[in-house]
Amino acid sequence: MSMILPVITLLPLLGVLLCLVVPREEAALHRGIGIGVTLTAFLVSLLVLSGFDPATMNHVVKWAWAPSLGIHFHLGIDGISLWLVLLTTFLMPVVLLSTVNAITEKVREFIIAVLVLETGMLGAFLALDLFVFYVFWEVMLIPMYFIIGIWGGERRLYAAIKFVLYTMVGSLLMLIALLYMYIKAHQATGQWSFAYDTMRNLILTPQEQLLCFVAFALAFCIKVPLFPLHTWLPDAHVEAPTAGSVILASVLLKFGSYGLLRYAIPFFPSAVAECAPYMQWLAVIGVVYGSLVAFAQPDIKKLIAYSSVAHMGFVVLGLFMLNPRSVNGAMYQMLAHGISTGGLFLSVGVIYERRHTRRLDEFGGLWQRMPYFAATLLIFTMASVGLPGLSGFVGEFLVILGTFSATRDAIGIPAVVEHAKLLGAICALGVVLGAVYMLWLFQRAMLGPLTNPLNKKLPDLTLREGLVMLPMLLMAFWLGIYPSTFLSDIDPAVVKTLAAFKEKNAAGPATDAPRMLGSTDAKPAADGKPALPAGHPAPTAK
Amino acid sequence: MDFLTALMTIGLNHFLVLGLVIFGIGIMGVFLRRNALITLMSIELMLNAGNLTLLSFARAQHDMRGQALAFLVIAVAAAEAAIGLAIVVGLFRNRKSTDLDELNLLRF
Amino acid sequence: MTGIASLMGSAATGLPSLLAQVAQAQRIPGKIDPVPWCPAWAFWVLAALTVAGALVTITRRNLIGAVMSLVATFFGLASIYALLSAHFLAAIQVLVYAGAIMVLFVFVVMVLNREEEEPWSLRSPVLKAFGTGAVVYLLVRIGELLFFARPPLPQRAGTPPPNFGSVSEIAEYFFTKFLFPFEAVSILLLIAVIGAVVLTRTVAKPTSVHDLPLDQQPKDPAADEGDSGAHAAGHGAGGH
Amino acid sequence: MTQNYPLYLIALLPFLGAALNLLFGRRLGNGIVSLIACGAVAGAALVATKAVWILGHDLPTKGMLVDQFFEKDWITAGDLHVAAGLMLDRLSAVMVLIVTWIALLIHIYATGYMEHEPDYARFFGYLNLFTGSMLILVLGDSLPVTFVGWEGVGLCSYLLIGFWYQEDKNATAGRKAFIVNRVGDFGFLLGICLLWTLLGTVKYAEMGSLLNELRRPFWMGWPAGYWVAVFLFIGCMGKSAQIPLYVWLPDAMAGPTPVSALIHAATMVTAGVYVVARTHGIFDITPSAAQMLVSGIGAITALMAATIGIVQRDFKKVLAYSTVSQLGFMFVGVGSGAYVAGIMHLMTHAFFKAGLFLGAGSVMHAMGGEGDITKMGGLGKHMPITRWTFFVYCLAIAGIFPFAGFFSKDAILAGAFASKFVMADTANPTQQMLINLYPKFLWGTLTLAAFCTAFYMWRLYFMVFTGTFRGTHEQEHHLHESPPEMTLPLVVLAVGAVLSGLIGVPAVMSHGLPESVQHFTGFFEHWLVPAIVPASPEPHGHALEWGLMAGATIISIAGIGLAASLYRGGISKAAENVKNSLQPVYALLWNKYFVDELYDLVLVRPLKMLARVLWRVADAVIVDGGLTKVGPALVGWFGTRTRRLQNGDVQRYLIAVVLGAAAVLFLSTFWLPYRGVQGSITKEGRRVNLVLGEGKVPNNRLVYRIDWDGDGKFDEENVRHAEKGFFHDYQNAGTFRIVVEAHDPDWHVGKSSADWILGARKPLSVTVE
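Chains as they are written, first to last, in the numbering used here: chain V, 1 to 542; chain S, 543 to 650; chain H, 651 to 890; chain Y, 891 to 1659.
No wet-lab data here; the hints were simulated from the structure. The beta carbon of each residue, even a glycine, is placed where N, CA and C say it ideally should be. Errors might be hidden in some of the hints.
[What the hints assert, rightly or not] Derived CB-CB ranges, DEER-like: (1) Y:1625 x V:169: 52 to 60 Å; (2) Y:1606 x H:802: 24 to 32 Å; (3) Y:1371 x V:359: 49 to 57 Å; (4) V:183 x Y:1600: 48 to 56 Å; (5) V:206 x Y:1324: 50 to 58 Å; (6) Y:1520 x V:190: 53 to 61 Å; (7) Y:1550 x S:638: 46 to 54 Å; (8) V:407 x Y:1496: 44 to 52 Å; (9) Y:1533 x V:183: 32 to 40 Å; (10) H:812 x Y:1533: 15 to 23 Å; (11) H:779 x V:190: 55 to 63 Å; (12) V:190 x Y:1570: 52 to 60 Å.
[Claimed, not checked] Calculated cross-link-like contacts (lysine-lysine; reagent style DSSO-like; alpha-carbon spacing at most 30 Å): (13) Y:1271 x Y:1463; (14) H:778 x S:638; (15) V:457 x Y:1265; (16) V:456 x Y:1059; (17) Y:1498 x Y:1469; (18) Y:1093 x V:496; (19) Y:1310 x Y:1093; (20) V:496 x Y:962; (21) Y:1586 x Y:1573; (22) Y:940 x Y:952; (23) V:502 x Y:962; (24) Y:1573 x Y:1519; (25) V:62 x V:502.
[To be verified] Covered stretches of chain Y (chain H as the covering partner; in silico rule of three or more C-beta atoms under 8 Å from a C-beta of chain H): (26) 1535-1546; (27) 1555-1565; (28) 1633-1639.
Given these sequences and hints, build the entire structure.
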């Protein structure tokens, strides 16, 4: 049994212990521990790639946790989670390195918070047991609350509480749905289990599916965030310290879309069939709306936050178009957004450390003083705009193409592809608007005359900042130039997930009692006798 | 056996009802009187009513555990009285009153 | 819903009639233990004493009078405990309750030395009237159930063994099965002692300038030099 | 017939040059920077030439060189496979040669022109980046790969227009270019998506055999191919500055002049024409609505831009509008099926328009950056090489025999005149007549535009190079011929502007010449037709063809003559008089038909307003307010009302406990008999069954008294509920009221169904026959 997954998940906790035994005053040592541990976790996580089979779960561990309740510490990694996990482990050392000047108060606590956060994020990406997933999901929440609430800006408490309340509302509903499914799975199988496979094979009645889907989707859509649920994001981003914003944008938001693809969509096909059009429309509204609102922002971080709303709109649209191209695109967009928006926030952090303001009208003409920084920001801007050759393009292209061409795939749900062309067209409009606000940002900050006297002495990127930016830039190029590295792992997993979805959808919803996929097949068995016990209502197969 | 006979043949029911009555009087003492000391005394009354019930059932079951429990209750009651009186004294020192109606600092 | 509404309506209007209905009950209690636990007169006299004492306790304007009648109640209860073969507890009741605790009450009453102008709590009288009614209702209905319990409450036949309620019997429990609660109670008592001390101590004489209100603390830290030893030692403990 | 060839080198060399110059250029000297930049492009040009040589020499007409530069597909997602492939066929060969060689010339020119620029390395880095992207664009073997280059050149255009970013004006112009191009890309992207949706491939080589798929009706009565063409053409409108997306190009003149020459005249802006020719199979599909759209837009753009060009005073603005106009010509060419003519005009235009811009750069170099032609005049004697090369370019663009512009423009005019458009519904005579007139309309518009072209180009020439100098003394003192690295490209391009037309001489002119000469004069057509693009439509009859040529030439000469009469020797009185007498028209043209203002009013301002409203109202008030104000307000409202219950009064808490206990007792004991007197009645003849309690009352808990006939006397007393309830056999028919009394013996609570307080939900009664 490969131990990689528990090791990378729990390694940060080891770092926490180390931090606890080091005296509080040794800030540099704490930073060293933080960076060292996260870097080690990153290197260890690269081992996952050897002999990786994207279509199945790799490096699975399953330890009994509370076996009488059917809870196992069950981790595994497949093509859907692979790159998100690597993105997480990759970002953490970068983020910690970026905070050397920004976080000078309560360094130990900060490092501990980030390390606990990393454990939470990795655990949630890797969990194959819904209880474990929920535990890690909530574990993420607390350190992030502290990161925003302690090291944040002026209105940090408001933002932190808003963040927690929004997330909690969704996740508690999800918990209820989870427990409901747990009970229903027991009814269907006679065994108590939170296992992912059990839940995925559990078929509920349409009403149950709808309610559970709404609960799950609400939790995930708040995290994404989908259009009307997004207002926590600008506040959280603006108030969070740079590191918090980067983690929030690059990884935490991905949990929403990851959860949708991993849990909400495969679990409830009939509800997806019913809700997908609404989700699609909310997503494209989010794309256009986020772009337009971003255009009006005077605050750089807020602008980028709204751009996240738009970009994540692409992701949700891609997921709910339910064809391999769009879902691949959504997955890719998640990675690309992680890199480009993370990079943008890191860049904002650089000038915020120098000027302690994020208002666009305070800047202008910085290129003259900071050419390397300007180039960095330009590359992230272009990656965010979706320029081919940089990270943003492939995802957006695949989502738009997948949306537009959704009619080619018979997923078995006509409603999903009803407005495919229109959705694709509006979504493509979002690409235009993306250029409008991002270039506006770049021009206001970097181009034009250098008028503000406060900006006349700004130093360019330091070596440390360059070291922070360099891996992000390389990733932005890599994602744009050679997407096969990533898509060759994502694609088989996505295709398999969609095939499983199709199979479950074709099996139809349960009529009255919950049942397991494949367990009660309406077709007669090989000996000619019906597989169902007499009097049992046959499932309405389509 | 008529009602009167039942009334005069003393058994478990009688003791339980007696305990109930004392308990009720205790409750009314707590919420009808405004003096904190009386309230404390009423609480002692209620505890004793509980003790009486415990002992009655112990007698009915021939089980010493009820008595042991009652003993513990007495100890708790003693502790409660000590603390309660200390609080009353402290209150009086600060507010020059033991009037529950006037102790409204934390009240909405 | 209409059912609930009408129930509510009747609860308001029909409560007296209900009580009257209960009072009219002509019911036979369940099977009664043929061997009475004690002479009827003993019970009734003691019960009357106890109830009367309790009633006086909560109605007296004079606190000393209330405390004294409570002592009487406790004596009555001690006697009833004795009727219930709990001789040791009867003794404890007299010693601890009627003795120690009530002395404490008397002390406090004396210390405070305060007459009440108006003994009854007059806030929200309507609610209190309802509360009293509810208590009476509960007493009557639960008493009815207890007294006329059918089937009769479970009990073992015959008189308890002779050593029932003796010191050795109780000690047997406390040093074997009930050892843990026994120790726990002892710790509870210790805490109560400390708590009582802490609660009643006077903070009139602060041992450190930091115990003073902020505006009274000396401005110049040098002025505090002479008290620095007490400062270091007494900061946490505080008391006398 | 395909052959592998490392085509990636062609694009990679400029990219490497760009990377070196952008990363390390600030540390290298200007000499090394220009060496890297020019060397990279020269290398690319040589490799490209070698590749084209192989293509023309070793491979058949339809052959192509291919190169898959990644081992795996570039993008793989489900059934979508986009290979990272390059291909060189005869069409891209033309483009590759134009791009690499003209880029090389302009790089060389720029080493002189940008000599004193502090950001020298950055400039050449961008320029190399552009060249590489442009080569990806023309070499891409599928629409997505082309799109990569397409966007890449857009980025470089943005960067180079805003090269002098210290001025907000330049940065804004760059942003405008990028955003307008993005609007076009929106269409291009949708075109790619639609094409893939319909065909399942976006590779040029695989498209041809599937085109029949595109003939199916798709939307609004038009075939699918029409919509693909429209979407792709929206992209081309953006990139090639056609109505309505041309507005960025005149502003793009804010960039350095070599950039204008390379990007905004010779190469990038012609990408749209290239794409239309590249995907001609889609545009050719009948009914020819797509072709009519392309050629119509092209014709109107050509005329409109030409008329604006007449009155402009800024040297580069005139050339910019001229570029827009000439691009319109090209689109008419490719839109009316005369692909050869369109591509050839693309080539000849690349020579003379790049030359014109470089000449303008030379002039402005001498004038110290001054671009207003009313402040120039008589420069010819100071800078003879610039003057005479400019003279050649002007002849070429005006279309005077035997300069390059003559052949290409004439081919377009002839193609437009002779083109045939087919519509589905030909039964409608009016429509048919309009369709038949359409080629004539195109031809007429273009001829008018050609006249304007000749006029404004020669106006420019005369105002700049003849007459007397109108600028300041300081400027006059400073006037000088440009250094050789700038004049050399001018001369080379001038040679190209003279000679490049000779490989595309119309058959009617070369008729009767020796075979070898004919082979040369028809080279361009033979190179492309028929394997790559279909043959151009030709006018019937030699006379007509000669006539068209003569007409065009006369028109051009008329334009030159008019310009000469008005501007030779400076701005004449007559020119002023004409301007004054046509003041409204002049104002309209001077303000470019107010299109920028219109866009500002209709698009930009509403969008900004919408953004603000969405942010301030929709987001802050409705969405955020809705979630963060209403929810807490509800909680707060509830809290302020219920906190009175938690008021800290312990006595009240105790009363609440007692009341609660009493209520629970009361309700629970009362509820049971209440339920117990409700029942359902079923009849079997005269036997009536009564089920009480409806399953909510435990059996044997209650005792009942039942009055079956409602006479006030209980017929049954002290009965308990059995499994099947009660029954009663009525003796005679009638309606009977049934009264039930339920009694709970434990709690001593009774209830009657006749009770006026807590009566049964419906009175129990039964009717028996």
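Against the structure, the hints:
One distance hint, 52 to 60 Å for the beta-carbon pair residue 1625 (chain Y) and residue 169 (chain V), holds here, with the actual separation near 58 Å. For residue 1606 (chain Y) paired with residue 802 (chain H), a C-beta distance near 29 Å keeps the hint of 24 to 32 Å intact. One distance hint, 49 to 57 Å for the beta-carbon pair residue 1371 (chain Y) and residue 359 (chain V), holds here, with the actual separation near 51 Å. At roughly 50 Å, the beta-carbon separation of residue 183 (chain V) and residue 1600 (chain Y) lies within the given 48 to 56 Å, and the hint holds.
One distance hint, 50 to 58 Å for the beta-carbon pair residue 206 (chain V) and residue 1324 (chain Y), holds here, with the actual separation near 56 Å. As the Cβ distance of residue 1520 (chain Y) to residue 190 (chain V) is approximately 45 Å, the hint placing it in 53 to 61 Å is violated. With their beta carbons about 35 Å apart, residue 1550 (chain Y) and residue 638 (chain S) fall outside the hinted range of 46 to 54 Å. Between residue 407 (chain V) and residue 1496 (chain Y), the C-beta spacing of about 33 Å breaks the proposed range 44 to 52 Å.
Our hint of 32 to 40 Å for residue 1533 (chain Y) and residue 183 (chain V) holds, since their Cβ atoms are close to 36 Å apart. Between residue 812 (chain H) and residue 1533 (chain Y) the Cβ separation comes to about 59 Å, which falls outside the hinted range of 15 to 23 Å. Taking 55 to 63 Å as the suggested C-beta distance range, the pair residue 779 (chain H) and residue 190 (chain V) conforms, at roughly 57 Å. Checked against the hint of 52 to 60 Å, the C-beta distance between residue 190 (chain V) and residue 1570 (chain Y) comes to roughly 37 Å, which is inconsistent with it.
In summary, the hint linking residue 1271 (chain Y) to residue 1463 (chain Y) is supported, as the alpha carbons are separated by about 24 Å, within the 30 Å threshold. Among the hinted pairs, residue 778 (chain H) with residue 638 (chain S) is consistent with the structure: their alpha-carbon atoms are about 26 Å apart, no more than 30 Å. Straight-line distance between C-alpha atoms of residue 457 (chain V) and residue 1265 (chain Y) comes to about 40 Å, which puts the hinted pair past the 30 Å bound. Restraint check for residue 456 (chain V) and residue 1059 (chain Y): satisfied, since their Cα atoms lie roughly 21 Å apart, inside the 30 Å limit.
About 38 Å separates the Cα atoms of residue 1498 (chain Y) and residue 1469 (chain Y), which puts this hinted pair outside 30 Å; it is violated. Between the alpha carbons of residue 1093 (chain Y) and residue 496 (chain V) the distance comes to roughly 27 Å, so the proposed pair stays at or under 30 Å and holds. Distance hint between residue 1310 (chain Y) and residue 1093 (chain Y) is fulfilled; the C-alpha atoms sit about 29 Å from each other, no more than 30 Å. Of the pairs offered as hints, the one joining residue 496 (chain V) and residue 962 (chain Y) holds, with about 21 Å between alpha carbons and a cut-off of 30 Å not exceeded.
Distance hint between residue 1586 (chain Y) and residue 1573 (chain Y) is fulfilled; the C-alpha atoms sit about 22 Å from each other, no more than 30 Å. With a C-alpha separation of about 18 Å, the suggested pair residue 940 (chain Y) and residue 952 (chain Y) falls inside the 30 Å cut-off, and the hint holds. Under the criterion of a C-alpha separation no larger than 30 Å, the hint pairing residue 502 (chain V) with residue 962 (chain Y) is consistent with the structure, at around 28 Å. Between the alpha carbons of residue 1573 (chain Y) and residue 1519 (chain Y) the distance comes to roughly 60 Å, so the proposed pair goes past 30 Å and is violated.
At roughly 28 Å between alpha-carbon atoms, residue 62 (chain V) and residue 502 (chain V) fall within 30 Å of each other, so this suggested pair holds. Only residues whose C-beta sits within less than 8 Å of a C-beta in chain H count toward coverage, and the region 1535-1546 of chain Y has 5 of them, enough to reach three; the restraint holds. Three residues within the 8 Å Cβ limit are the bar, and the region 1555-1565 of chain Y against chain H gives 7, so the coverage statement holds. Coverage of the region 1633-1639 of chain Y by chain H holds in this model, with 4 residues showing a Cβ closer than 8 Å to a Cβ of that chain against a need of three.
Checked against the numbered hints given earlier, the structure breaks hints 6, 7, 8, 10, 12, 15, 17, 24 and satisfies all the rest.
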